[in-house]
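J.: Please build the complex by placing chain R with the ligand on the supplied structure of chain L, with the hints as guidance.
From first to last, the protein sequence lines are chains L and R.
When we follow the working numbering, the leftmost residue of the first sequence carries the number 3, and every step to the right adds one.
When we follow the working numbering, the leftmost residue of the second sequence carries the number 27, and every step to the right adds one.
One or more hints might be untrue.
[Claimed, not checked] Chain L side only, calculated, beta carbon under 8 angstroms to chain R, not exhaustive:
{"id": "1", "residue": "Thr252"}
{"id": "2", "residue": "Met417"}
{"id": "3", "residue": "Glu690"}
{"id": "4", "residue": "Asp691"}
{"id": "5", "residue": "Cys730"}
{"id": "6", "residue": "Asp869"}
{"id": "7", "residue": "Lys873"}
{"id": "8", "residue": "Val874"}
{"id": "9", "residue": "Arg878"}
Worth flagging that the hints you see were computed from the coordinates, not collected in a lab.
The beta-carbon is built from N, C-alpha and C at its ideal position, and this holds for glycine as well.
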Amino acid sequence: MSRLASGGQIDRSRDLDVLFDGRQLVAHPGDTLASALLANGIRLVGRSFKYHRPRGILAAGSEEPNALVTIGHHAARIPNVRATMQEAHDGLVAFSQNRWPTLGLDLMAVNDLASPFLGAGFYYKTFMWPAAFWERLYEPLIRRAAGLGRLDTAPDRDLHEKAFAFCDLLVIGAGPAGLMAALTAGRAGARVILADEDFRLGGRLNAERLEVGGQPGAAWAAAAVAELAAMPNLRLMPRTTVTGAYDGGTYGALERVSEHVGLPPEHAPRNAFWRIVARRAVLASGAIERPLAFPDNDRPGIMLAGALRAYLNRWSVAPGRRAVVFTDNDDGWRTARDLADAGVEVAALVDSREDVALPEGPWRGHAGAAITGTRGRRGLKAVRLRDRAGESWIEADCLAVSGGWNPALHLSCHMNGRPDWDAAIAAFVPAAGAVPGLAAAGAAAGAFSTRAALSGGVAAAAAALADLGMAAPPVEIPEAEDAPTRIVPLWRVRGAKGRAWLDFQNDVTVKDVALAARENFASVEHMKRYTTLGMATDQGKTSGVAGLAVLAELTGRGIAATGTTTFRPPYTPVPIAALGAGGAGQGLAPQRFLPAHDAIAEAGAAFVEAGLWYRPSHYPAPGESGWRPACDREAGFVRNAVGICDVTTLGKIDVQGPDAAEFLDRVYANTISTLATGRVRYGLMLREDGFVMDDGTAARLGEMHFLLTTTTAAAGQVMAHLEFCAQCLWPELDVAVLSVTEHWAQVAVAGPRSRDLVNDILARPVSDADFPFMACGEAAVAGVAGRLFRISFSGEHAYEIAVPAGHGAALYERLVAGAAARGGGAYGLEALNVLRIEKGLLTHAELHGRTTAEDLGLGRMIATAKDCIGKVNAARPALKGAGREQLVGLAPLDPAGRLLAGAHLVALGADPLAENDLGYLTSACHSPTLGHDIALGFLRDGRARRGAVLRAVCRLRDRDTACRVVPLPFVDPEGGRLRG
Amino acid sequence: MRLICPLCGERDLREFVYRGAAVLLQRPAPEAGAAAFLDYLVTRDNPAGPNAELWQHEGGCRAWLRVVRDTRDHDVLEVALAPGLAR
Ligand SMILES: [Zn+2]
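This is chain L alone, in the form it adopts within the complex:
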């Protein structure tokens, strides 16, 4: 056990049940998995990505590159969880990963021996050819050898959530700067959100033995958090990582809602992805310490100096018995002091700076010295010191390294900003104004002392309040250390043989960067991609700056000129499940149900999706197999008796106003203004580019009142188009348009017995004389104020009845019962489609966006006496000339021949090749009325080819059918059934 006897922010009175690779750990509330592992003396926790090198815990926060584990959860497994971010809880089960068969004995570690051959660019150079080997040999091989955890392929059983929040000030990070910013803005009455990725707020104050305002830093932080928690205008969001900065003050954030409790409570999500809209934001995300690059610097037991202090002070864990500290800056000294004060032997304090006066303490100080190598395969045993006296080995099981600190400025660069190089602290700092409304404070701004963080937080919040026109209250800045930052950056230890790691997670060494530079991948973006430095799940948090600094040294360009790679969201990995929360299964798209949905389902209908709508495709009867018999039977209802279909899905648009008729003349190709009240007209709408947008009906309900129908598919598009026309093009017209699709249920009653059935439920029965084809009007329907239209999509004598949506189900059920009594019944979409193809009527299979009125044989509908949308462009020569594909009917020569939509047309003797293509079939079905297949299609110069015989070839279903071009419609060409 490495737990110290006392201290730390853990609850020693409770033991937690935590397993790692099957081994029981002693852990307490307040522990992370990482602190528990170290407390239990476990140093080897993972294997590296490429060389399968044994690895331990490097960091104490979200930047951890090595200690990735798989968490068992339900029966599921969550891979690549950073042990430093996983809170210990009862029932936590963790596994090491990227090893086989065990962590201690990993056979893939043979890669490490082959490392001379596996340098940067190895894959690019080695697996070039033959190309066929890629799929079968190289890729499976590489995939097996490389990689981190394995994805669980079972469906995710957890809930995830999307959430939204708004505030005046978002404070990102709850260290000394963030707490002071939140206190300042909170006391001013601003709406504040304070988010921190840790479960304990306070940042480095929890990790250091520093005093703030005369009390221990952690205690001061706890008191500040208590004050903030009591503010009604302030929201604390622990366990919440702000992952991205976006336009308009929008920030993405991942809240780990229940990962610290194991099984989420019922109805609680595992994660929530927040979109936070903030008028101003303070980036108080602190800083991330840099490791140092020297040979074999990746062994378990080598740890960031600041992380080591965190384990000592916050978790009361001594990660070793005999430690060495290696630093290039004053901050590393603190680790030596804290270790010594905790009773850990400090064998040496090694500082790379030449002329530095090392602090006194129970250690041997070595200035102008370096660590040049290490020993210990599964855990550090000794380090090689090079100082003025030469080289010597020092036994140590723990090495603390500090290469200085990088401000965690990532969010400030998410909108394409580039940070500025500050040579005084040897780090990049956020460029002012790179994200509008966001200002950095404290260590994130390069102000590393506690006092500077406290005052920086106040200043940033005060500036934000001033921007928002709010008064900042006077805030007293507590006393705290204000040490200057002193550093002489040591980007790599020179003159030492062996591999020195920069990127631990992707196994990128100084050598790899040198190779990239030598091979002229010398731009930082090229170097990144060639070596993969910074491309692992940690996105180079501990390696990025060191990597480019080494590149800068090797190329002689300097760091500022070399620049950084592009920082992109997310700051830390976000589960897809959280980003897509609510989108799984039926959450993928909303569902729209017909008013009569329940009755239709009860009748046993099979449903088909039409956009978001669910419509009945057919109603299987006992003994029928497949959809065809049902479809034929239902089409027969309409042709021979009466059929009922809920057609509520059709778009319905109410158009009213003194200029309504003029408006419709401009949006329809044909003339609507001449329509008499009480009459309906078929209408064709063009897009401005001259192609057909949609067809439908316009019913004139009054002098200034029209009701349009659109196809189901184009309802939304047509509505937006009409709004565009009314609002943007013709402000002089006094007209209002409103979608009423949802307001009215509409049921089609079609067939020779439709009039009798309709008259059963109308207060005033209709006759053919007073309510002829294309009549419309108000109607009292079974005591409800409704509307009646005599329109048909089947070629039969037919009506559509509309009632307020709430009465739709009752109307439908009553009509179906009445139809059944007359030898008819409900019909579905399959039958509806057969009926309309038999009549040559159009849907969006034909109005597919590349067809003109002329192509459809409707060219004469474009009125000559008026302008309309699309008229000018429809007259373009290319849209009118010879060679265009025109709508035709097709029937097989052999009545048993099959026609399929999607088949292409070629001449009888021609091969079915693209160069011989004459057109294609858009809609096809078996016509029960005619007893053979029929189809609609587009054929080059089709109207001139009536009677021609062609091949309809469908390569997908291997059909090749001789067919003849026939006139449309297929059924009742005179229209007697329709009008009669």
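T.: Chain R with the ligand only, in chain L's frame:
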């Protein structure tokens, strides 16, 4: 990105749909001829900077808006109601 709808207030991008350049507001007279309509429909500037565009508050009041947006940083410089609503 966020837009301030003159009718509804500041809203998230996802409530809006984009239609194209605000040039679409200037529909040529029918007698202007095919070339004018071709320009109207197809010819567009591609500025790195302020660009006048049409957006609809589809998931809100359904107003069409003329928005001036800087294409370099999505800074929204102006939002105005379509002429038919601004009366
Ligand atoms: Zn609006």
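J.: Can you list which hints this structure breaks, lowest number first?
T.: none
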